[in-house]
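The lines below spell out each chain.
2 protein chains.
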Amino acid sequence: MNLDYKSTADLLCKHDNFLILTHSHPDGDTLGSAFALARALRVLGKKAIVECSDRIPDSYAFMWEGMDIQEFEPEFILAVDIADSVLLGEDFEAAYSDKINLNIDHHASNKLKADYHLIEGDSAATAEMVYFIILELGVDVDPQIADCIFTGVSTDTGCFRYSNTTARTHKIAAALIEAGANSHEINQIFFETKTKVYAALERLALDGMRMYLDERLAVMVVTQEMYKESGATDSESDRISALPRQIEGVKAGATLRETKGGNFKVSLRTNGPVNAADLAAKFDGGGHAKAAGFRLEGPLENALDKLLKVLSKEL
Amino acid sequence: MNLDYKSTADLLCKHDNFLILTHSHPDGDTLGSAFALARALRVLGKKAIVECSDRIPDSYAFMWEGMDIQEFEPEFILAVDIADSVLLGEDFEAAYSDKINLNIDHHASNKLKADYHLIEGDSAATAEMVYFIILELGVDVDPQIADCIFTGVSTDTGCFRYSNTTARTHKIAAALIEAGANSHEINQIFFETKTKVYAALERLALDGMRMYLDERLAVMVVTQEMYKESGATDSESDRISALPRQIEGVKAGATLRETKGGNFKVSLRTNGPVNAADLAAKFDGGGHAKAAGFRLEGPLENALDKLLKVLSKEL
Numbered sequence: 002m003n004l005d006y007k008s009t010a011d012l013l014c015k016h017d018n019f020l021i022l023t024h025s026h027p028d029g030d031t032l033g034s035a036f037a038l039a040r041a042l043r044v045l046g047k048k049a050i051v052e053c054s055d056r057i058p059d060s061y062a063f064m065w066e067g068m069d070i071q072e073f074e075p076e077f078i079l080a081v082d083i084a085d086s087v088l089l090g091e092d093f094e095a096a097y098s099d100k101i102n103l104n105i106d107h108h109a110s111n112k113l114k115a116d117y118h119l120i121e122g123d124s125a126a127t128a129e130m131v132y133f134i135i136l137e138l139g140v141d142v143d144p145q146i147a148d149c150i151f152t153g154v155s156t157d158t159g160c161f162r163y164s165n166t167t168a169r170t171h172k173i174a175a176a177l178i179e180a181g182a183n184s185h186e187i188n189q190i191f192f193e194t195k196t197k198v199y200a201a202l203e204r205l206a207l208d209g210m211r212m213y214l215d216e217r218l219a220v221m222v223v224t225q226e227m228y229k230e231s232g233a234t235d236s237e238s239d240r241i242s243a244l245p246r247q248i249e250g251v252k253a254g255a256t257l258r259e260t261k262g263g264n265f266k267v268s269l270r271t272n273g274p275v276n277a278a279d280l281a282a283k284f285d286g287g288g289h290a291k292a293a294g295f296r297l298e299g300p301l302e303n304a305l306d307k308l309l310k311v312l313s314k315e316l
Numbered sequence: 002m003n004l005d006y007k008s009t010a011d012l013l014c015k016h017d018n019f020l021i022l023t024h025s026h027p028d029g030d031t032l033g034s035a036f037a038l039a040r041a042l043r044v045l046g047k048k049a050i051v052e053c054s055d056r057i058p059d060s061y062a063f064m065w066e067g068m069d070i071q072e073f074e075p076e077f078i079l080a081v082d083i084a085d086s087v088l089l090g091e092d093f094e095a096a097y098s099d100k101i102n103l104n105i106d107h108h109a110s111n112k113l114k115a116d117y118h119l120i121e122g123d124s125a126a127t128a129e130m131v132y133f134i135i136l137e138l139g140v141d142v143d144p145q146i147a148d149c150i151f152t153g154v155s156t157d158t159g160c161f162r163y164s165n166t167t168a169r170t171h172k173i174a175a176a177l178i179e180a181g182a183n184s185h186e187i188n189q190i191f192f193e194t195k196t197k198v199y200a201a202l203e204r205l206a207l208d209g210m211r212m213y214l215d216e217r218l219a220v221m222v223v224t225q226e227m228y229k230e231s232g233a234t235d236s237e238s239d240r241i242s243a244l245p246r247q248i249e250g251v252k253a254g255a256t257l258r259e260t261k262g263g264n265f266k267v268s269l270r271t272n273g274p275v276n277a278a279d280l281a282a283k284f285d286g287g288g289h290a291k292a293a294g295f296r297l298e299g300p301l302e303n304a305l306d307k308l309l310k311v312l313s314k315e316l
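Note that the protein sequences, when read in sequence, are chains A and B. Under the working numbering, the first residue of the first sequence carries the number 2, and numbering increases by one thereafter. Under the working numbering, the first residue of the second sequence carries the number 2, and numbering increases by one thereafter.
Don't read these hints as lab results, they were simulated from the structure. There could be a bad hint or two in this list.
Identical chains blur together in the list; that is why a pair holds if it fits in one copy or across any two.
As the list claims (entries may be wrong) - Listed below are the simulated SDA-like cross-link pairs for lysine to any residue, each with C-alpha atoms no more than 20 Å apart in a straight line:
(1) K48 <-> Y228
(2) K7 <-> Y117
(3) K195 <-> L214
(4) K291 <-> Q189
(5) K197 <-> A243
(6) K197 <-> G209
(7) K197 <-> E249
(8) K15 <-> R211
(9) K15 <-> V275
(10) K197 <-> D59
(11) K197 <-> S98
(12) K195 <-> G250
(13) K252 <-> A200
(14) K252 <-> H185
(15) K195 <-> R240
(16) K195 <-> V275
(17) K195 <-> G273
(18) K48 <-> K195
(19) K15 <-> T234
(20) K15 <-> F192
(21) K197 <-> I241
(22) K266 <-> L301
(23) K291 <-> L244
(24) K15 <-> G46
(25) K48 <-> G299
(26) K114 <-> Q247
(27) K195 <-> M212
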């Protein structure tokens, strides 16, 4: 059943003990949405916890600062920013994929099974939607909630620079800053700080950038060797995917990150009319119009062959 | 005499033939402010032209698209985003530094001589101030004016990521998008596109980044040799100055760009409590709290010596 903001808030008000699930390999939007909701539900006197199948990076620790540990039997399960059950992560998929009550997401392609759905494909971030749910709940956006939502909105829009950013996005950002969001610190953490190891990884990857299809396709590969040489880890390397698309004239930028098993996680970013989600679907992946993802089997030359074979028809 | 928005608009209404000056080595804020004002004054039936002592890069051509060439004797001279007469450029300084009627700027350190001043040091961009002047003039913000102002605001805030970005900045951005600003295209041009030659320059400069003062100071040098090797020009290299400050733990990031004469233009960006304008003042430069500039005499080792000598006391 599809809900709107008002009926979502009404539904949440009727329940008490919430488990809020984020996607695996968590990012600012899934975490910001989850912790903002958990905090708002707690303001209403309800119990709410956030769980993720993967370890949550320390850079997000401000989101749960000051939240008590609550132990209880979950009665109502929410999924936030999870487009597909496989994104729950292996263990969580087995445990929860048939038990989700409410599915809140901004991926139009969302395939999650749930009793209730609130999906808004033109929302820049799931956190934008959570902002309106919290307003409907009648909860004041305090500085902590504002920080969580601001992080989701800012990280999913590349700090307001990607084409998913709308006038609504800027209005929400203004309201969050007025509510006390530490916008400068958050932007500093997620956009203006590179660890030395990440900067080293970026240089290695940029040095090996390859151009294909008359320079319409830029491909960057991040190998396990590069992680070793730079000292960076996979979880630090998300933002590197933004780089290939930035080269002038490039229609699609693909970043292939080698897994420990020798396969590749591919992040695809596109420019202009090229639809990244449609391209990713040809590799059984998914995502948004300008940013999507999929997997390719190694070794590298096989992965590149398959990528070029499909993309040469599409670009 | 210091003005507010209302009295600035009243003053403009009393005059007819405007020359609007931008600073040399022009950026999105000085140009966006100038062309937005020129367009708004023309809507009111006045004559207005924009002049710059340097060639304006083609990436800003959308700002004057569709504007007629007007020839007339200027009666009233405005300076926008020009903190000091030296920034007019050599020829313009000789011609205009004693003739400026109205000085509109967001640099608190502004030293320009003028009959009237509208200075707002906590405005993220001069274009933010121009937005309010145009509202006071009673001119509707059309899509072209919105594009000019959006460019100024977005480029001077690093696309809403620098600490000068306020709730007001986001509200203006929302209003400009609603007025028809091509925010996606503008962000794409100024933040999401690197020419191949710029990308090559960036790699060369990053490869040579040096750390000093227990890694509190990061220094990047862009030599004439690097311009040659990459094919990039000085006017394309402005954004490179953002990179040294991004390294974790760095308090100040300095980018030294070699001039054809073998001297160095230094862009200084700082983190946390370190005030860039105060540091730049020690080298007879100026700017903002987090971003400032000054010049150092070559050769490189001399410039680095002087830089380290002063900064080692300050950082």
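These are the hints, each one checked on the structure:
1. K48 <-> Y228: neither (40 Å within a copy, 60 Å between copies)
2. K7 <-> Y117: within (13 Å within a copy, 52 Å between copies)
3. K195 <-> L214: between (31 Å within a copy, 18 Å between copies)
4. K291 <-> Q189: between (24 Å within a copy, 12 Å between copies)
5. K197 <-> A243: Both ways: K197 and A243 sit 18 Å apart in one copy and 15 Å across, limit 20 Å.
6. K197 <-> G209: The answer is both: 19 Å in one copy and 14 Å across copies each meet 20 Å.
7. K197 <-> E249: between (27 Å within a copy, 6 Å between copies)
8. K15 <-> R211: neither (54 Å within a copy, 59 Å between copies)
9. K15 <-> V275: Result: close neither inside a copy nor across copies, 43 Å intra and 51 Å inter.
10. K197 <-> D59: Classified as within; 16 Å inside a copy, 35 Å across copies.
11. K197 <-> S98: Neither, since 39 Å and 45 Å both go past 20 Å.
12. K195 <-> G250: Cα proximity of K195 and G250: across copies only (9 Å, versus 27 Å in one copy).
13. K252 <-> A200: Between copies only: 16 Å across, 25 Å inside.
14. K252 <-> H185: between (32 Å within a copy, 16 Å between copies)
15. K195 <-> R240: both (10 Å within a copy, 16 Å between copies)
16. K195 <-> V275: Answer is between: at 19 Å across copies they meet the 20 Å cutoff, but 30 Å inside does not.
17. K195 <-> G273: Between. Shortest inter-copy distance 15 Å satisfies the 20 Å Cα cut-off; intra-copy 28 Å does not.
18. K48 <-> K195: Neither: 36 Å inside a copy, 48 Å across copies.
19. K15 <-> T234: neither (42 Å within a copy, 63 Å between copies)
20. K15 <-> F192: Neither: 39 Å inside a copy, 45 Å across copies.
21. K197 <-> I241: Answer is both; intra-copy 14 Å and inter-copy 17 Å each pass.
22. K266 <-> L301: within (11 Å within a copy, 43 Å between copies)
23. K291 <-> L244: Within one copy only: 13 Å inside a chain, 25 Å across chains, cut-off 20 Å.
24. K15 <-> G46: within (12 Å within a copy, 61 Å between copies)
25. K48 <-> G299: Cα proximity of K48 and G299: none, with 44 Å in one copy and 65 Å across.
26. K114 <-> Q247: Answer is neither; intra-copy 36 Å and inter-copy 41 Å both fail.
27. K195 <-> M212: between (25 Å within a copy, 14 Å between copies)
Consistency with the previously given hints fails for numbers 1, 8, 9, 11, 18, 19, 20, 25, 26, ordered from lowest to highest.
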